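Enquirer: Listed here are the chains, written in short residue letters.
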Amino acid sequence: MNDKEILLRSIQEVEFALLELNLYLDTHRYDRLALMEYNYYAQNLMMLKYNFDMKYGPLMNFGFSPSVDGWRWIEGPWPWE
Amino acid sequence: MWVYEKKLQYPVKVGKCDMRMAKYLYTQYGGPDGELGAAIRYLNQRYTMPTNEAKGLLTDIGTEELAHVEMICTMIYQLTKDATPQQMEEAGLGTNYAIRANALFPADPNGVPWTASYIQAHSDPVTDLTENMAAEQKARAAYENLISMTDDHGMRDALKFLREREVVHFQRFGEALRIVQEYQAAKKIF
Ligand SMILES: [Fe+2]
Numbered sequence: 001m002n003d004k005e006i007l008l009r010s011i012q013e014v015e016f017a018l019l020e021l022n023l024y025l026d027t028h029r030y031d032r033l034a035l036m037e038y039n040y041y042a043q044n045l046m047m048l049k050y051n052f053d054m055k056y057g058p059l060m061n062f063g064f065s066p067s068v069d070g071w072r073w074i075e076g077p078w079p080w081e
Numbered sequence: 082m083w084v085y086e087k088k089l090q091y092p093v094k095v096g097k098c099d100m101r102m103a104k105y106l107y108t109q110y111g112g113p114d115g116e117l118g119a120a121i122r123y124l125n126q127r128y129t130m131p132t133n134e135a136k137g138l139l140t141d142i143g144t145e146e147l148a149h150v151e152m153i154c155t156m157i158y159q160l161t162k163d164a165t166p167q168q169m170e171e172a173g174l175g176t177n178y179a180i181r182a183n184a185l186f187p188a189d190p191n192g193v194p195w196t197a198s199y200i201q202a203h204s205d206p207v208t209d210l211t212e213n214m215a216a217e218q219k220a221r222a223a224y225e226n227l228i229s230m231t232d233d234h235g236m237r238d239a240l241k242f243l244r245e246r247e248v249v250h251f252q253r254f255g256e257a258l259r260i261v262q263e264y265q266a267a268k269k270i271f
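As they're listed, the protein sequences go chains A and B. Here the working numbering is used: position 55 in the first sequence is 55, and no number is missing along the way. Just add 81 to wherever you are in the second sequence, counting from 1, and you've got the working numbering.
The shape of chain B in the complex, shown without the other chains (with noise of 0.2 Å):
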C-alpha cells in the first residue's frame, strides 16, 4: 500500500511574475511525457517483471513520479492561485478558467486530459524497459524545452531538479535491462 509525506521532494520556490509558464508546465502534469503518465506506466507494468530488481525500481520510481507529480502541480498553483479572470486569459489559460476557474486538471498545455494511451505495457520486460528509456529521454528534452522558457530563478532551479532526475532513472532503467537480459539469456541455458 502506500503512504504520503506531507512535503515536496525538493524545495518549489516560484515567483509570481512569470504565469504564462503555468500554461506550458501543464506537459509535464497531464502532458503524452508527464509525471503522471511516468508514474502510471511504472506502477503498472511491474507486475508482470521478471526480475525483484525491476519489480523494485519500478514500484520505487513510479513512487518518486508521484512526488514529481506533486512538484509540478505546486508550480502551477503557486502561479495561477491568485490569478483573476484576465490574468489566466493573457496567460493562455482563459479556457481553463472558463471550464474549471483557477482549479488545476490532468491535462496537457491545450487543455487535452491526460489519457492512459500515452502509456503502454507488453508483459515482454524488454519492450516494457526499452519504453521506459525512451520515456524517460523524452521528459528530459521537455524539461529542456521549459527550463529554456523561462528566466525566474526558482522555476529554473525546480526544473533541473526533475531534469536531473530523468537521467538517473534512464540510468537505472538501462541497468534494469541489463539484469533482465542475463536473466532470459540464463534460463535459455538451463
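Bound-form chain A, shown alone (with noise of 0.2 Å):
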C-alpha cells in the first residue's frame, strides 16, 4: 500500500467505527461510554479528513473538503476505479 491508500484505509476504519457507534447510539441515546468514544473518533476523522483533503485533493463535494491547488474534485481515479 501506498501513502494514499494507507491513510485512505485509516479514514475507512475510523467511519466505520463511527457508522456503528452512530447506529448504537441511535437506540442507546444515554450511553455516555459510547459516546465519548463517538466523540474520541469524530476528533480523529476530522485530523484524517483534514490532512487528506490537503494531500490529495477533495474527499467530499459541495464544500465539505476545501480544494486548496486547483479543482482536484474531478481528479480519477474514482472509487469504482
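Calculated directly from the structure, the hints in this document are not laboratory data. Being a predicted model, the structure only gives us computed values, none of them experimental. Every residue, glycine too, gets a C-beta built ideally from N, C-alpha and C. Don't take every hint at face value.
[What the hints assert, rightly or not] Here are some chain A residues pointing at chain B (derived, C-beta under 10 Å): (1) M60; (2) F64; (3) I74.
[As the list claims (entries may be wrong)] Sample of chain B residues with no beta-carbon within 10 Å of chain A, all distances over it, derived: (4) L89; (5) Y105; (6) E134; (7) T144; (8) I180; (9) I200; (10) S204; (11) N226; (12) I228; (13) S229; (14) V248; (15) A267; (16) I270.
The task is to assemble the complex, starting from two chains supplied on their own in separate frames and drawing on the hints.
Expert: Printed below as a string of C-alpha cells:
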C-alpha cells in the first residue's frame, strides 16, 4: 500500500467505527461510554480527513472539503476504478 | 460512500390550504420525470463515463437530486400529515389512504409505483448525456405545470427553486457533452 492508500484505509476504519457507534447510539442515546468513544473518533476523523484533503484533493463535494491547488475534485481514479 | 446532512437544500414553507397539490407533487417524487428517477439515472450512468468532468458532474448532480427528493417529500408530508381519511379522499388520495394511510410512497400521482423503466443507460456517453438534457427539460416543464396549479406562496417559491435547478443542470450537462465530444474527436486523431 502506498501512503495514500494507508491514509484512506485509516479513514475507512475510523469512519466505520463511527458509523457503528452512530447506529448503536440511535437506540442507546444515554450510553455515556459510547458517546465518549463517538466524540473521540469524530475528532480523529476530522484530522485524518483534513490531512487527506490537503495531500490528495477533496474527499467530499459541495464545500465539505477545500480544494487548495486547483479543482482537484474531478481527478481520477474514482472509487469504482 | 454517502453522508447525510440534516437540513433541506432550500427552505420549504407550505400552507395547509392547498391539499390537492399533494397528489400532483407526486409526479416529482415517483413520476417518469421525477427527482428519484433523475438521481438513479445519473448515479447509475456515471460508472461508464469516459471523462472525469462527466463522472464528477453525474456524481454531484445525482447527489443534488436526492436532496430534491427530500424537498418534494417534505412538501407532500407537510400537506398530508394531519389529513383525515375524508380530506385525503377529497384531495384525490383516497386510494393512497386505503393502501397505506398517510404514508408516502415513491409513485406517480395516479399511484403507479416508480419503476426503473423511466430511465435508461447506454454506455455511449453522448447518448446518456443527451438523455439527461432531455430529462432536465421534462422536469422543468413538469415544475412549470405544478407552479401554474397553485397560489400557495411557499409552495410556488420552493417549486421555482427546483425549476431553476433543472435549468442549471441542463446547462452543465450540455457542457459535459461538449467536453466528451472533444475527447472523442481527439482520440480519433491520435
Ligand atoms: Fe435536475
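Enquirer: All hints, please: hold or fail.
Expert: Hint by hint, here is what the structure shows:
1. M60: holds, 8 Å
2. F64: Result: holds, 8 Å to nearest chain B Cβ.
3. I74: holds, 4 Å
4. L89: For L89/B, whose nearest Cβ neighbour in chain A is about 14 Å away, the distance exceeds 10 Å, so it holds.
5. Y105: Given a closest Cβ separation of 30 Å, the condition holds.
6. E134: violated, 6 Å
7. T144: At roughly 7 Å from the nearest Cβ of chain A, T144/B sits no farther out than 10 Å, so the non-interface label is violated.
8. I180: Check passes; 29 Å lies beyond 10 Å.
9. I200: Since the minimum Cβ distance to chain A is about 19 Å, I200/B lies beyond 10 Å and the statement holds.
10. S204: The claim holds: S204/B sits with its nearest Cβ about 14 Å from chain A, beyond 10 Å.
11. N226: holds, 29 Å
12. I228: I228/B clear of chain A: closest Cβ-Cβ about 26 Å, beyond 10 Å.
13. S229: holds, 31 Å
14. V248: The assertion about V248/B holds, with a minimum of 19 Å to chain A.
15. A267: holds, 17 Å
16. I270: holds, 22 Å
Checked against the numbered hints given earlier, this structure breaks hints 6 and 7; the rest are met.
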